[in-house]
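Hey, can you work out the whole structure from these sequences and the hints?
One line per chain: the protein sequences are A and B, in this order.
Under our numbering, the first sequence has 310 at position 140, and the numbering climbs by one with no breaks.
Under our numbering, the second sequence has 28 at position 19, and the numbering climbs by one with no breaks.
Accuracy of the hints is not assured; some may be wrong.
Stated by the list, open to error - Listed next, the in silico SDA-like pairs over lysine to any residue satisfying Cα-Cα at most 25 Å (straight line):
| no. | chain 1 | residue 1 | chain 2 | residue 2 |
| --- | --- | --- | --- | --- |
| 1 | A | K315 | B | P102 |
| 2 | A | K400 | B | S28 |
| 3 | A | K259 | B | Q120 |
| 4 | B | K26 | A | Y254 |
| 5 | A | K315 | B | S113 |
| 6 | A | K400 | B | K55 |
| 7 | A | K388 | B | P103 |
| 8 | A | K409 | B | S28 |
| 9 | A | K259 | A | N322 |
| 10 | A | K388 | B | S28 |
| 11 | A | K400 | B | D15 |
| 12 | A | K400 | A | S278 |
| 13 | A | K388 | B | T90 |
| 14 | A | K360 | B | I104 |
| 15 | B | K55 | B | F43 |
| 16 | B | K26 | A | D217 |
| 17 | A | K400 | B | R110 |
| 18 | A | K388 | B | Q119 |
| 19 | A | K315 | B | Y29 |
| 20 | A | K213 | A | Y199 |
| 21 | A | K400 | B | T90 |
| 22 | A | K259 | B | K26 |
| 23 | A | K400 | B | V40 |
| 24 | A | K315 | B | I104 |
| 25 | A | K172 | A | E241 |
| 26 | B | K26 | A | K293 |
| 27 | A | K259 | B | M30 |
| 28 | A | K388 | B | R109 |
| 29 | A | K400 | B | L96 |
| 30 | B | K26 | A | D252 |
| 31 | B | K26 | A | P257 |
| 32 | A | K409 | B | I104 |
| 33 | A | K400 | B | V32 |
| 34 | A | K315 | B | V111 |
| 35 | A | K400 | B | L95 |
| 36 | A | K315 | B | I116 |
| 37 | A | K259 | B | D15 |
| 38 | A | K400 | B | Y29 |
| 39 | A | K388 | B | P102 |
Derived by calculation from the structure, the hints in this document are not laboratory data.
These numbers come from a predicted model, not from an experiment.
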Amino acid sequence: MKETTIQLDIYRYRPDWDAPGYQTYEVPYRDDWVVLDALNYVKDQIDGSLSYRWSCRMGVCGSCGMQVNGEPTLTCATFLTDLYPGPVKVEPLNNFPVERDLVVDLTSFLEKLDHVSPYIVRKEDDENDLTSEYSQTPAELERYKQFSMCINCMLCYAACPVVGRVDEFLGPAALALAQRYNLDSRDQGKNQRQDVMFQNEGIWECTFVGECSTVCPKHVDPAGAIQQAKLEGAVDYYKRLLTPWVDRS
Amino acid sequence: MNRPLDRRLGWTWWARKGSYMRVFLRELSAVFLFVEVVLIAILFHKAGQDATTYVEYTNFLWHPLMVALHFLALAFALWHTVTFFLLAPSALPPIRVVGRRVPSFIIVSQQFMGMVFVSLVIGSWIAWVGAT
Chain A
171 MKETTIQLDI YRYRPDWDAP GYQTYEVPYR DDWVVLDALN YVKDQIDGSL SYRWSCRMGV
231 CGSCGMQVNG EPTLTCATFL TDLYPGPVKV EPLNNFPVER DLVVDLTSFL EKLDHVSPYI
291 VRKEDDENDL TSEYSQTPAE LERYKQFSMC INCMLCYAAC PVVGRVDEFL GPAALALAQR
351 YNLDSRDQGK NQRQDVMFQN EGIWECTFVG ECSTVCPKHV DPAGAIQQAK LEGAVDYYKR
411 LLTPWVDRS
Chain B
10 MNRPLDRRLG WTWWARKGSY MRVFLRELSA VFLFVEVVLI AILFHKAGQD ATTYVEYTNF
70 LWHPLMVALH FLALAFALWH TVTFFLLAPS ALPPIRVVGR RVPSFIIVSQ QFMGMVFVSL
130 VIGSWIAWVG AT
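Okay, here's the thing in structure tokens:
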């Protein structure tokens, strides 16, 4: 009996090529396969030159994000059964430069992430040392927990049209992480992040398209984090304007 | 060394997806609302002048093309309002009442009820002024 197959149209690009193109592969169709399994089949059995990133295969590492039929998605969590009978178009994530085939250059994101100090910042005169316990109530944890689930898969950057148009925009994941630490009761670095978050290329560049939250595989809701930061920023601005004598350092 | 391939969005980005188009239309609504605000500001200015000038201007506002513009502006205003209200639960920090998070539909429906109430108050006031 002839084996059921499904067609993959995969974006191919080499830095020494003039233009990218698509290459078609027929792979076995199995209802327990995800798109990443199909790519691995191509790599192992048909064309070893295909390049793409992957690691954990369980939606944790965030490495295997790609455009599948035009939508940014984790290929390890996208089943072929949902795409049958195909063809399935696989492309690198939008809004990032392509290094090779399905591999994108994430340098710009890493630089932006660094700007927002995505870690707990304590004041220099902090009386506790690093081994001290910083207790937190469940309610305090709840304030930021949702925003801490980010796996840096970059699907939100691929879905955001502002990221695709404005190079300087910090982007959904970096801003959501900044807000996550601002909401953390153990953190004292809010003022340090303000300058970066509240610049034009920070939260105010976001036009609330909301696609970042739609595609997020971890339900982080970066769009919500950015809008909440906008609200806090506006309230903070008026507080400073009306009560300039209050020390908020 | 070859540079990575640049795949940034072009100026027709808004036509790529329904969600992009919806946001584009929401932002575009500002243009029509601005035009309507200018027309109303001119109306107030004309009201301070002689009656002929005022009537000429109101006749201009009743021109079929202008009426079409008013309806277009109304449609954009409603679109902006509805999409703005629907997004509000996501834009607000979690609101808790007696320790429980207020569901999104409560926040959305309260905004619509507020809009209907304010519209009724203003509408009633205009009708009252017109009658007296």
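Notebook entry, point to check: Which hint numbers does the structure go against, in order from smallest to largest?
Noted result: 3, 6, 8, 11, 13, 16, 18, 19, 25, 26
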